[in-house]
Every structure is written in structure tokens, then in C-alpha cells.
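Trainee: Chain by chain, the residues run as shown.
4 protein chains.
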Amino acid sequence: MGKAHSHAYRDVSFYFDTKAKPVLQAICGRNEEGVKEAAATMGWQSYETDWRKLIARDDIDLIDIVTPNNSHAEIAIAAAQAGKHVFCEKPLALTLEQSQRMLDAVEKNGVVHMINHNYRFAPAVQWAKKLIEEGRLGRIYHIRATYLQDWIMDPEFPLVWRLSKEVCGSGALGDLAAHSIDLARFLVGEFKEVSGIMETFIKERPIVEDSSGLSGKGSSEQKGPVEVDDASVFLARFENGAIGTFEATRFAGGNRNGNRFEINGEKGSIRWDMENMNNLDVYFHQDEDGLQGFRTINCTEEVHPYAGAYWPAAHIIGYEHTFTNLMVELMNGIDQGYSPLPNFVDGVRNQAILEAVQESAQTKQWVTLSDVFKRAEPSVKS
Amino acid sequence: MGKAHSHAYRDVSFYFDTKAKPVLQAICGRNEEGVKEAAATMGWQSYETDWRKLIARDDIDLIDIVTPNNSHAEIAIAAAQAGKHVFCEKPLALTLEQSQRMLDAVEKNGVVHMINHNYRFAPAVQWAKKLIEEGRLGRIYHIRATYLQDWIMDPEFPLVWRLSKEVCGSGALGDLAAHSIDLARFLVGEFKEVSGIMETFIKERPIVEDSSGLSGKGSSEQKGPVEVDDASVFLARFENGAIGTFEATRFAGGNRNGNRFEINGEKGSIRWDMENMNNLDVYFHQDEDGLQGFRTINCTEEVHPYAGAYWPAAHIIGYEHTFTNLMVELMNGIDQGYSPLPNFVDGVRNQAILEAVQESAQTKQWVTLSDVFKRAEPSVKS
Amino acid sequence: MGKAHSHAYRDVSFYFDTKAKPVLQAICGRNEEGVKEAAATMGWQSYETDWRKLIARDDIDLIDIVTPNNSHAEIAIAAAQAGKHVFCEKPLALTLEQSQRMLDAVEKNGVVHMINHNYRFAPAVQWAKKLIEEGRLGRIYHIRATYLQDWIMDPEFPLVWRLSKEVCGSGALGDLAAHSIDLARFLVGEFKEVSGIMETFIKERPIVEDSSGLSGKGSSEQKGPVEVDDASVFLARFENGAIGTFEATRFAGGNRNGNRFEINGEKGSIRWDMENMNNLDVYFHQDEDGLQGFRTINCTEEVHPYAGAYWPAAHIIGYEHTFTNLMVELMNGIDQGYSPLPNFVDGVRNQAILEAVQESAQTKQWVTLSDVFKRAEPSVKS
Amino acid sequence: MGKAHSHAYRDVSFYFDTKAKPVLQAICGRNEEGVKEAAATMGWQSYETDWRKLIARDDIDLIDIVTPNNSHAEIAIAAAQAGKHVFCEKPLALTLEQSQRMLDAVEKNGVVHMINHNYRFAPAVQWAKKLIEEGRLGRIYHIRATYLQDWIMDPEFPLVWRLSKEVCGSGALGDLAAHSIDLARFLVGEFKEVSGIMETFIKERPIVEDSSGLSGKGSSEQKGPVEVDDASVFLARFENGAIGTFEATRFAGGNRNGNRFEINGEKGSIRWDMENMNNLDVYFHQDEDGLQGFRTINCTEEVHPYAGAYWPAAHIIGYEHTFTNLMVELMNGIDQGYSPLPNFVDGVRNQAILEAVQESAQTKQWVTLSDVFKRAEPSVKS
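Protein chains in written order, with full-length UniProt numbering: chain A, 1 to 382; chain B, 1 to 382; chain C, 1 to 382; chain D, 1 to 382.
Simulated from the structure, these hints should not be mistaken for laboratory data.
Hints should not be assumed to be uniformly reliable.
Dumping the calculated BS3-like pairs for lysine-lysine here, alpha-carbon to alpha-carbon at most 30 Å [said to hold, decoys possible]:
(1) Lys-53(B) - Lys-3(B)
(2) Lys-19(A) - Lys-192(D)
(3) Lys-267(C) - Lys-267(A)
(4) Lys-3(B) - Lys-21(C)
(5) Lys-108(A) - Lys-374(A)
(6) Lys-130(D) - Lys-53(D)
(7) Lys-267(D) - Lys-267(B)
(8) Lys-203(B) - Lys-130(A)
(9) Lys-165(A) - Lys-192(B)
(10) Lys-53(D) - Lys-21(D)
(11) Lys-267(C) - Lys-129(A)
(12) Lys-374(C) - Lys-364(D)
(13) Lys-130(C) - Lys-203(D)
(14) Lys-203(B) - Lys-192(A)
Could you put the whole structure together from the sequences, leaning on the hints where they help?
Mentor: Shown next, in the form of C-alpha cells:
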């Protein structure tokens, strides 16, 4: 993730003329060799090996957190207290309570904050948002969202940190469903209640000495228990009456990065698939009789959000540009002193939904968001 | 449906050399004018206006039931008691108890029975079954099945019989999800438990004098309550550990007949879409590194089930051929004295799952199939 | 082909209420065993083994010619002289001169005539025609048409009759390109000139005793020369200024029946693919900025030509229905005494284009249709 | 184009660890205001307004030519004579003779040279090359290549420089077909002969004062003749016996950047589409019976050329990455002193094919490449 973020800081001013412009002042990592090399490769002007020192520096305005989930809260809160703006990876924290403390900190200290739900910034998704806001789909009835991957299907794939409950809080839920939840909140609205399943298909995996790597089979004879979900699926009701199905899994063979959704409204429907992220499929019920059908729009034209900054029509862009586009908003927020969406408020609400799904999976009950927030009080405000 | 069934009886011997061959002896309908014309158009040699008379005839061996759901049980039981084989539309009945009585009747009277889950008989679905049975997908992890339609999205669409709880028992659930459930039972295995939502988006619709027609806007000023579900979505756990998401709706604009599923197993995945019913998308994890991807197989070759009876490769077949193919099995069953799958046993199990979803939607609890069967005892055997 | 034609005669009155209705009076074949069995299977009431006897029968109104190409002319002319209507497979004949004699015969004898370019009768193609006629595409600039197959790629595939120049006249050209040419004439307009290549990739193939079968590898040690084209590709200019590329081949691996075209006009574009024959992809330049894209229309609704006679929307139809739909027109023609399109006039023009491509491939020159017709005079009228 | 090139120089060292690394030393443009701003935005350390001064600078090792086609030769030759390596936009020149002089210059002066056929460097295209080289497709029978755009379909679109014969030499041919020709040479082999059409659908367009802009309708009342082709289509025979169809057009509505090809060989087929540039569709005839079909490979895995340097699987890349990947090769060439493919030799051969198509379109004859080279002697070596 550090690579994707770094690239966005480098690239945003190449394509966009924001008033605030990022300077790649310092990168931080625990391993000095590694961070030194990363700084050189990616163009950072200096480096630190202790994040506290980074936060203490006067020449730093913005702290970008791409560490594992269990360190987000401590770093973000310290950064906010030091008066630094904060951009944080998703999910915001391990728990709702933790995320609320992060929100409190950034609000109390008046710093700009944002969470990295980068998929919002695909031009096709922004275009979808615009269509919905203009009422082109009318009342929303359905969303069906999947985030399908397959990178840990091999039972010999080792117990890497992404499979640690202590480090990540959850598996497919926090890693993948969090993105689908954000897209649903962005495009459909607030969740009301959820009912879900969390499943771990492979219960044990090889332990590796250095489980930092995400690739390679486990070499160890010893196995340890997998504590996080391989797959999380859930139903949802939204405040506005829409209903949704959500499925996040790392066990959907052949789906390398199947971040997809379809939304059906009374006047039309839209479909999106990250693997063809430039396209938005749109159906309008008002189209002439006999000429109704999903049309595939390549969202690479001047009229499409952010797209005009890049290349001629249908000279497509890729994954990294979702970060570049997001960076435009973060720079504008810093320049003008507001926290662009999605920010920590979104992070907290997202966390509440993740927590509701987890509770639902444990209790086999529907869980309403208002209850989750109520239980979390007084620390958490719904 | 009568048209599709009639066509299959006419056509099966054109393409297939079954030992038993259907004779279009008699058609039955309440309206004499209508049924007389239908007989002439479709090639039936005689007609009746009272189904009891039809059942009483000596020259009739097989009763095909395509009436609304609330009359299935009475006709099927009477037919069985008269020693006639029975082919019945889905869902088998309005309730699990009713469906079990139907099963009891056909079993007690030793007649051949079958239920019309025609989609099993698309060559691509049969091919999927074969791949799964051969272990090509390995252990199954996921099924995600949708049956998306959009024909009643207009609020002025009238209260036709398909929207009557009394006549149909349910809406999208029994009409559409019943098919997805059958495909899941066929391809994945038995359901263990479900948790679902049933939603009616348009609560009232115009009442029409003669609500038999399925098209045309309601002309009446008067409105009546819609008692059945516009959409039903549910999660499922299967006996073999697989998990599933199911969505049946009549409110997915742009999806005219989106009967689709994807199944992910440890060794591979398959995808099918009724709107491109000749194709099966297949992914094998064992494919060479760098050459892995879903391949689109046009299941129209000699090697594909039933396909050899039709046309050269990729000269595609359509919806009606699912009926023709099914008829091959029904004729073989009648010839050899067994009830081909899917039969009333499948109908009962399907009904139990529909009932479980309904109960789950009402109670907002997970419902296990074993409980449904337990409650239904002694009349129903799980 | 006999099977597809037979089925259409059987089925047309099931779906369509034409005034003239076909009666399956007699089928003809040289092998008595074979034709007897075919009659029984397909529902013909009698059979003949000599086509001259068939033509002599008083109870026969229409002669349907599905014999190899080299017998079309003789049979069609005899049938016309006997006052029978004639429906003939494509290509009409082996040469332009032959086809013109056929046209002369049917015209002189005042019988109804039609040629079997069945793909015109896919509802999606008819819908395309309507859009073009209504000016929805505006002036046509381009057509690119392919007909890609792969059934003879194996060098051991034997020298069957379809690879005989004497019997068929040509290979991919007359078999496949003839269809693309017909679709182009139907949708774009008349050809002006062509420049082409005809290529035989596999120059020799095993000779088989009975080369009637289209499947199975050659068992013979002996090989004979392949005299027809494995592939024909050509450029065309149309009278209206459009330009086209055409490619017909039996050597496009993975394309089992890739009969496809795209047409671009000043206001829009359309795409069709026989392997997904229910769909028509349509692009309108006038669509709103940012919402332009090809839309996929499933041409299975009431509004789409012929589609209303079949099933509910998106319950797709297949290859055989192109014949059923064509039959509606043939029956109407017979009833009202006109020769529906495409008829022998189209057959002659198609033959002229085939001949022009052949000449062009031999001379490596552009060949204009007017020259072809001029040379063929006085027998042929352009 | 300057933007795309600039970005590649900036980005290559971020992703790839080449020994030679580009330094953005100086950018050149005629308009000082414009070039100054461009330098600032894109990160160039200095600028020039006269390309001769740029070439004269000691701190410049590589000259990158993105000027209009009619200035390529002069600049490239001067750069080579000054001992600078040269990277030139395609097409190499206006004429074959010009391109040969450029090749002579770079060879005589021993500088590294390369031409910007960036589409070769899509990972999917590189993967296609590897499959072909390994013999996975066997003998090649067919290529069908299209490059379809639609940006000048509006008759009011003005006479911009890209529509000037003096500046560009040709229209769709040199701009679009040149890319398809390069891909065909890369993947299939050398061209033997061609027969083509060049067509200008809109004969006159509004003249604009400053016709540098590529967008906006013409405001002028005055019209001037369009001297270049709106569309060029041609047939080709290759040295190895394959045949090809090529179509380049700016009049294919709905196709914004339809750079596509399909190649059929005796053992398999491949398909690629720039608008989904990460995907390669592959068909293998050796796949098991009943399981044959095109598989869609998302070429974003470690094993795919260049892909490992970017993101996790199926986190797709875009158009600009074709430039970044090419830059890896250019840097390696500069480091090790060779001219990577495609270089000026490819540029000359490409130019010869363009010239052959032009001649063919004028004379309406097939033109063989050996004749083109023969006529161009002694200056040009075939």
C-alpha cells in the first residue's frame, strides 16, 4: 500500500493542478535498510525508522498511515495531537470504539482527516454517484456487491499477518467487505441492519518464521489456527428501504480482484466491476421500447470525473489512478481546511457495520446499527 | 407454461429416439373456446374442460399440471389415485405439508412423478453437474445465485394472479428462487439452514376485473394490497459446508430473466447465465501458471448432454429446449418405471426450503431445515 | 439442413397464425431406408426416392431443395416448370449463369420462390434492419462481417462432399461468405466492387469411401487434393459509398459458428453475433454526453420482430427459430402470391458477388459487379 | 504524446530497477510560455524552444521526438549526427525514403534507436508473443486487426493538423493502421503483399485559424478539403502463408479506441482489445473435448511480462503503462548499447507497408513489399 500511496503523491501534480501540492518529505519504516531503499526508489527526500520521530518533525503536515490495522489508532491519534493532518488506510481500526477515539482525536485537534476507500475514486464510480444523485435511478431497491478474491485458496499458503486476528481484526470482512460497504454507503445510503455469516474454510495453515511475505508456500511443518474469516457474506437493509447482499471472500477461484456491484433503482440500474474499472454499465427504463438494455460506458471522456486529466477517450487508466484521484480531494481539503469524504466519520460508520456483521455471525441474529451505536456509547456517537 | 409443455411433447420424438413417445391425446382448460383453439393450434387431439374428466379417461397415462400453484395438490393426488403418472409445475404446492401429501400419493400409487425444474436440463447445466460429480471443482465453497427479473416494476402494473398469495403462496420466492434452490440442490447439495428477507416494494396495485392477463397496466382506480414478495434474498449454509447467497427479485431493472449462478470449489469455478444459456464459463485452478482464466464453453457439441440431438456446434438452442430435454427423462422414466430427477421428493425438499426462508423472514432468525421437517412431522419425512 | 427445414414446417403453425399452413406431405431422399426413417421421425406423411416423382405429384405445392449445390438448378427449374413453388438452399447455384436460369424459370412459370438465407430472420437482425430503415444509423460508412468456423482444421479431416469443387462450387466462400453477403445486402445495400483472397491452407486430405459424413477422421491412407477454399477474405465497396471487410473461414480455432457483423453509420452503430443471436448491440451517437456506449438489447420482447410469438422476455430462442420465422414469410408469400425476400433475385445477386470474389482472387484485380453482369449477358440481367 | 512520454520517464524507475535511469533534463517546445509551464508541471529540469539547441546540449543523451510526422526525419537525423540516442514517435516518417534516411543516420552514427509502438508493451501482448514463440498456436493462418475510432465523425469537426496530408502524410493509415501493422509484424511475421482501400467520407471540413486543438467544433464558415483518409482497410498476405484483414478508421461510432486483433493458428487462437488491455483471450485446440473455449486471462500476475512490477493480480494497469514498460527496454538498450525492438528497422518496414497500402489504394492493384523496396533502391534496403 505504501507504494500505491507514494505513487499518488508523486503523480497528482502531474495530472491535476491542485493548489496544495504534495511534497514527498519523509517516509517511515522499521527496517532501516528497507526504508532507505524505498525512499530512493520512490522519491522520498528523507526517511525515519520511528513513526514518533516522523510525527515530531516540523516539516511534516500530513501523516499517511499504511501500517497494519492494529497500529492505526495509536499513530492517528498521536498525529492528530501533534496537529498533523491524517490519511489512514482502511479499515480505520480494529474496533468501533477504537475508531471513534480516532475520530474524536482528529476532530478535537482540528486536523484534516480522510480514509483510503480508493475505489470511490474510479471515474466510473464517481459517474455512478452523479447519476444516482441526479435521480436517474430513482428510488433504490437493490444492491448486490461482491468482492471476490482467490489468493489463499491453497491450504499450504502460510499464516501471514493478513490472516492474524490480532493484527487485522478480521479477514475478508475488514479487507474486502469494508470496500463494498463503503461503496454501498456512498451510492445507496446508510445501513439499518445486517445478518451475516463468517466462515473459515481452511482451519489451519503452516506457520512461517517471517510471515511478512504474502506469497510463497509455507515451508514449516508446524501449523497454526486461522483466526479470521476466509469469507463473509451478509444481507442488509438500508435506512431508505433498499436491501442488499454482500459477499467478500478469498475463496472464489478465478476471481482475482472481483470488486463488483449492481444497483437497481426504479428508473434504472448500474453495474461496475473493478477488473474493468473504466466501464460503467447503465440501464435506463425510460429508453425507448425495444431499445432497452445495459449500455457499456467507457468512463474515459472529458465529461467523466477526473478522466479529462488523463488520456484520450478509451485510453484506459488503472488501479493506481484511484489513488491519484483521491489525492486531488485530499489536497483540496488541506488547502481549504475541510475533511473530504470519505473521512473518519465514514471510517467509524464502516467500522460499526463490520462490527455488526461480526456480532450477527456470532449470535446468528440480525443486528441493527442503532443498537451497535447504543451499546458503544457514550464513547461512540451514531 | 402450457405452451412450453405442449411444444416439448410435440418435439421430443423429432430430436430424440426415446422408447416411450408422447401422444398429444388431450388438453384441458376451463374455457371451452380457449382450450378448443389451443388444442387446434398446438396439435392436441382432443380437449376437456374439467380436469376430473381428463383424469377419468382411459386413454390418458400422464397428467401434466400447469395450473396455478393452489390447485397442484388436488389434481396431482387425484391423478395419482387414478393411476396416472404426474408431471407438475413448480413450486410443487403452497405448503410443505401439501407437497408431502402429493409425494405420499404418487409413491403410494406407484406412479411416475416429476417436477418441472426445466433449467436443470440446459446442456450447460448438465455439463456443470458432470464436472462437479467428476470432482473437477473439488470441495465446494460458494454458490451465489440470482434470479433477476423486472416485469412488475411499474407501480401501475395490476394485481394479477401471480401477485396473489392465495393462488401462488409467494411471489419471487416460489416463482424464481425455487429455480435457484433447485439448481443449488442439484449442483451443490442439501441445504442446512437459511436466513432471509422478503420484501414488497410496491405495497398496493390496481385491481383489475379480469386479472388473468400478465400484461397491460391496471385500468382501475381501486387498489388492493400486494400480499406476496417482490424480492426474496437469503443466505444459506449447506450440509457439506458450502455457503450460498440467493437473490430472487422482480425489481432488478434491465434483467429480464437473469437466472444466474457461480459456484466456487477448491479446484475450479463455474458460471452460468440463462440469458446466454448455451455457455458455461469454467475456471480450473490447475491450468498452467499465467494461463488461468474463465473459459467460455459453448455447450453445443456432441459431447455435451442432449446437444448432439440438435444442430452443429454453436448453432445455439433456446429456452424451449430445456423442456424438450427434460421430456427425454420423463419418457425414459415412464418406459422403465422410475421417477426421474427432479421428482416430487425434490419438490418436497424445495418446498421445505421455501418455507424455511418464509419463516426466517418473519422471525428474523436462522431456520434449519431439520427443524422445518421436524415441525412438519409426522406427515412430512425429511 | 433437411432436419432444420422439416422442423420449421412442423413448428410454424404452432407459433404463428399464417393463412397458408404447411402440410408435411412428402420427403424425398435417394436411400429408401434412410428417407423412410426420416419421414417417420420428422413427421412426413409419405416419401419418395426420386425427386422427379415428387415434382410429378399433384398433392405437392412447394418444393424445398436442400440437396448439394450442384443439383439445385436442375431441380428448381423442373419444379418451376411443373408449377411448384420453390424454396432453395443457398448458394442458389454453382455459377451466376445457372442461378439466372433458375430465376428465369421461376419467373416465367409464375411460382413463388425464396432462398434460405435464414440469418436474416433472427429477430435481432430484423430489428437491425428496422433501425437502419428508419434512419437511426444515418448514412452507412462501414460493415465488417466475419463468418468464422473451425471444423476442418484437423489435417486428417477427410475430403467430404463439402470440400468438393464439383459438388459445392466453392468452400468457405459459398458456404459462409454467402450468408455474410446476404446480410450486407439486406442491411447496407448493393455491392459495387470487390477484391479478395481465396486460400486453401491444407492442400491434401484423406479420401474416404463414403465421404457423406461430416465427422470422423479419414481412415484412408490415400490423399486427394482439396479444390475449394478453406478461407475467403475480401474488401468491398458498396453503391452507397460504404466500405466493407468480409472474412469467411473454416480455420479460426475456437470460433464454432462466428457469424458476426458490425455496421457503423453516421448516427450510430450495431453489432450482432450469431452465437448470441438474441442480442443486438446498438450505439447511438445522439445519446447524452457521458452516457454513450453500446447497449445490449435482448431482442426477445413483444416489440421485436417474431419474438412475441415465443416466450417471455429473455427466455431466449435458438438457431432453428430463424427457419421458423422465415417460414412465416414463405407461407404469406404463397398465400398472397408474391415471392418474399430473400428470393431468387437475391440469390442471383449473391451469386454474382461470389463469382466476383472468385474472379478477383484469381486475377488479383478488383472486380466490379456491373462487369460481372455485363459479361454474363444476355442470359443474366444485372 | 509529450505527456505520455514524460510520464514514462518519470515513472520507469519507480517500478523498475533498470541500470540506466532517465533524468528529465530538458523539454523542448516552440511556445515558450507553454513549454515553461509544461516543464514545471511534468518535472523537466529545463526547457528549450529550439530543438537544435536541445540537440547541441552536452547534458542530453537521448532525443525523444513527439513532433508532427513531417519533422521526424530532420530532427532524428540531426540528433543521430550529434551522437544522441533517438526515440521517435510513429509513423517514423512521411515516406519510405525518408524513413530509410533516418535509419541510415542512426546506424551510421551508432546511436541507440527505437520507435514508439507502445502497444507491443501491454503485458497481454507480450504474453501473446511468448505463446506464439513457444509454438502454442502452431502455424498461423489468420490475423484480423482493427483500429476503430470515432472522434472526427462530426462533419463540423475542423481541419486540424492531424487531417493535413502535408503534416501527417496520411490519416487513419499512419495514425492507426501503423499500430496494427506493427502488432502483426511482431506477432505474425513479415508482410508479403497488400491490397487496400483508402476512403475519405467527409470531403470538406471547416478551416480554423489555430487548428492545433483536437477538440471543439469548427467555428469558421470557410471549408477546406480533407486530404487524408478517414478510413483505410486492406488485405494482406504474409511471408509465412498467413492472411490478414486490417481496418483502421475514425468513423466507427461507439469505438473510441478499438485497437483489437485476433490471431488463429493451427493449435490455438488469441484475441486482444486495447479497451480491455489487461486481458488476453486464449483458445487451445488441445484442451479437453467439451472443455474447449476462449479463456480470459487477466495478464496482471507475476508471471506476465512487466506485470510483477505493478500491483497485485487483477489490480489493472492502463494505457500509460505501455509507455513505462517500453521505457524499460529503451533504458536497457542504452545501458548495453543495442537498439531494442521495435527500432528504426521496424519503422522502415512499417513505412514500406504503409506506402504499399497507399499505392494499392491508388492503383487498385495488389502491391508486393519486395517491389516497394526494389523501387526505393538504392536508398532503401529491404
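Trainee: Each of the hints needs a verdict: does it hold here or not?
Mentor: Evaluated hints:
| no. | hint | verdict |
| --- | --- | --- |
| 1 | Lys-53(B) - Lys-3(B) | holds (21 Å) |
| 2 | Lys-19(A) - Lys-192(D) | violated (56 Å) |
| 3 | Lys-267(C) - Lys-267(A) | holds (26 Å) |
| 4 | Lys-3(B) - Lys-21(C) | holds (19 Å) |
| 5 | Lys-108(A) - Lys-374(A) | holds (22 Å) |
| 6 | Lys-130(D) - Lys-53(D) | violated (42 Å) |
| 7 | Lys-267(D) - Lys-267(B) | holds (26 Å) |
| 8 | Lys-203(B) - Lys-130(A) | holds (29 Å) |
| 9 | Lys-165(A) - Lys-192(B) | holds (28 Å) |
| 10 | Lys-53(D) - Lys-21(D) | holds (23 Å) |
| 11 | Lys-267(C) - Lys-129(A) | holds (28 Å) |
| 12 | Lys-374(C) - Lys-364(D) | holds (21 Å) |
| 13 | Lys-130(C) - Lys-203(D) | holds (29 Å) |
| 14 | Lys-203(B) - Lys-192(A) | holds (20 Å) |
Violated hints for the displayed structure, listed by number in ascending order: 2, 6.
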